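Student: Read in order, the letters of the sequence shown are residues 484 to 554 in the working numbering.
Errors might be hidden in some of the hints.
Said to hold, decoys possible - Pairwise CB distance ranges (calculated): (1) Ala542 - Phe513: 41 to 51 Å; (2) Arg553 - Leu526: 40 to 50 Å; (3) Gly530 - Pro495: 21 to 31 Å; (4) Leu550 - Ala520: 36 to 46 Å; (5) Gly554 - Ala516: 40 to 50 Å; (6) Arg553 - Ile494: 35 to 45 Å; (7) Gly524 - Gln548: 32 to 42 Å.
Treat the hints as calculated values from the structure; they're not laboratory data. Quick caveat: nothing in here was measured; it's all calculated off a predicted structure. Glycine is no exception: its CB is placed at the ideal position from the N, C-alpha and C atoms.
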Amino acid sequence: MAAEPTNSAWIPWLLVMVLSSVLVAVCVGFLKAIDGAPVSGALLSAGAAFGGTALLCLAVVPVVQQLRQRG
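Produce the complete structure using the sequences and hints provided.
Tutor: What follows is the structure, encoded as structure tokens:
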């Protein structure tokens, strides 16, 4: 059984997802630091923001695929 070729369009989209998640995490961490939170609190908030954004981006992919199949 031959392996299916990987879809090369995934690589740039995955890069966009990761970079947008990093941008959101940096903004949240910066805002928490300005607010006077300790470094550990700012890092925890930034990590939660990164994870939430990444999960949201990955959840959108199947939805878009379903919409493309219907249309």
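Student: Determine for every hint whether it applies to the structure shown.
Tutor: Hint by hint, here is what the structure shows:
no.	hint	in the structure
1	Ala542 - Phe513: 41 to 51 Å	26 Å, violated
2	Arg553 - Leu526: 40 to 50 Å	42 Å, holds
3	Gly530 - Pro495: 21 to 31 Å	25 Å, holds
4	Leu550 - Ala520: 36 to 46 Å	39 Å, holds
5	Gly554 - Ala516: 40 to 50 Å	44 Å, holds
6	Arg553 - Ile494: 35 to 45 Å	26 Å, violated
7	Gly524 - Gln548: 32 to 42 Å	38 Å, holds
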